[in-house]
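Undergrad: With the hints as your guide, set chain B onto chain A.
Residue-level listing of the chains:
There are 2 protein chains.
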Amino acid sequence: MTGLRAVLFDTYGTLVDWRSSLLDELAAFGRARGLAQDWVAFLAAWKACYRPGMDAVNRDEAPWTTIEAIYERRLVELLRARAIEASPEDVQRLTRAWWRLRPWPDALPGLARLKMRYVIAPLSNASFAGMVNLAKFAGLPWDCVITAENARRYKPHADVYRTALGLLGLEAPEVMLAAAHNYDLAAAQALGLRTAFVPRPLEYGPGQTTDLVAEGKWDAVVDSVEELAAALSC
Amino acid sequence: MTGLRAVLFDTYGTLVDWRSSLLDELAAFGRARGLAQDWVAFLAAWKACYRPGMDAVNRDEAPWTTIEAIYERRLVELLRARAIEASPEDVQRLTRAWWRLRPWPDALPGLARLKMRYVIAPLSNASFAGMVNLAKFAGLPWDCVITAENARRYKPHADVYRTALGLLGLEAPEVMLAAAHNYDLAAAQALGLRTAFVPRPLEYGPGQTTDLVAEGKWDAVVDSVEELAAALSC
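Going line by line, the protein sequences match chains A and B.
11 is the number that this note's numbering gives to position 11 of the first sequence; each next residue is one higher, with no gaps.
179 is the number that this note's numbering gives to position 179 of the second sequence; each next residue is one higher, with no gaps.
Chain A with its partners taken away, still in its complex shape (with noise of 0.2 Å):
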């Protein structure tokens, strides 16, 4: 692909399955004190704080607050409605458990051979520390680490996009988005940013009905990492 320098990534579903890692904290934290709950329900409800919290920040409605900060004010209110006791120090340790995610078994292999080519990093709705705490956890070998915090503004908003290409010093052609999410995708692309479609139909479990198929003239559809080296020759 002539002249393209770096690929930036999607990070929570597209190269770590943050549900399945979150199930298993989950329930290691529900045996551990004997508690009946339902955590598959308990992890939708969870995550389905995400999108609100992120949107009211874009939208101006409430100042700047890193994920962390919006994840964990979720999970103080769903145990507490369901009277689920928990010490500051469970909260943390669960919060935190989005640092601690497994990549999917492509990840690793096709970074490590795009990053001899290419400028590699992330490009994630993560605080920075998260990323930074995850990429060690996980091994993900990024070349830097670019979040949503480094523009104050959550994908899919355009500061965010800009604020990657700002900081690589590089023209939107020169950058390519890798994303399991057509949203994602969508907006890189109307910056004028290459895109390549990574679907993981499984990132929300087996009943999964979004995001299975490209939904936008990708520059790329892959099945995994290490198909996106191999089509960026790598």
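If you're looking for bench data, these hints aren't it; they were derived computationally from the structure.
It is possible that part of the hints are untrue.
Heads up, incomplete: computed chain B residues facing chain A, CB under 7 Å, no partners named [what the hints assert, rightly or not]:
| # | residue |
| --- | --- |
| 1 | 36 |
| 2 | 128 |
| 3 | 129 |
| 4 | 132 |
| 5 | 144 |
| 6 | 145 |
| 7 | 167 |
| 8 | 168 |
| 9 | 171 |
The structure presented is a predicted model; accordingly, all values stated were derived computationally and were not measured.
Think of the CB as a built atom: it goes at the ideal place given N, C-alpha and C, for glycine as much as any other residue.
TA: Frame of chain A; chain B shown alone:
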């Protein structure tokens, strides 16, 4: 060192030998054009724009300007004053020689050891892109990149160190700055960061008179990044 989580590094001078690397590039540029020129004096005059250019930003006398833009402007002036012809491509290639600097011999092995236990990142007055490209060229194995550009202020302005703490989500005593320059350590220490002095007596060549000895009570004074790793039990 109890509670330490991250080690930040000044980069130009502390980790990479900018002077000998740039002298090689300037000499090669001159040889290819048959120029007789005192490149040592030329480089000293070029580097001399560094502090005034940054101070103007810190005093709000100039808008945010990356260090590359400051260097490029000064380079054009110096070439013109010496009647040296250079194309825009020449100017860009020479300016970006600041992205192609050799690490001191102890830097890479020391960083590799520190990375196993701590988050490691630059805290440089470079542009973000400059630091990303330098890391790629020199093999600096950063967990993330943080530069003055993230704060739009230059060290030793407190905003630069505070921005790093904010992005890393850490308190000052959890973070150490390692630098070859006493002024940088003094600013970090004033905010509560830990400090390590790594003198580089040849940074400015054989006649160097500054930063040869510790001028403050730094937490560590070491002769190399490998020695710092050992001091931090890595």
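Undergrad: Determine for every hint whether it applies to the structure shown.
TA: Here is what the structure says about each hint:
no., hint, in the structure
1, 36, "violated, 34 Å"
2, 128, "holds, 4 Å"
3, 129, "holds, 3 Å"
4, 132, "holds, 5 Å"
5, 144, "holds, 4 Å"
6, 145, "holds, 4 Å"
7, 167, "holds, 4 Å"
8, 168, "holds, 5 Å"
9, 171, "violated, 12 Å"
Of the numbered hints listed earlier, those contradicted by the structure are 1, 9.
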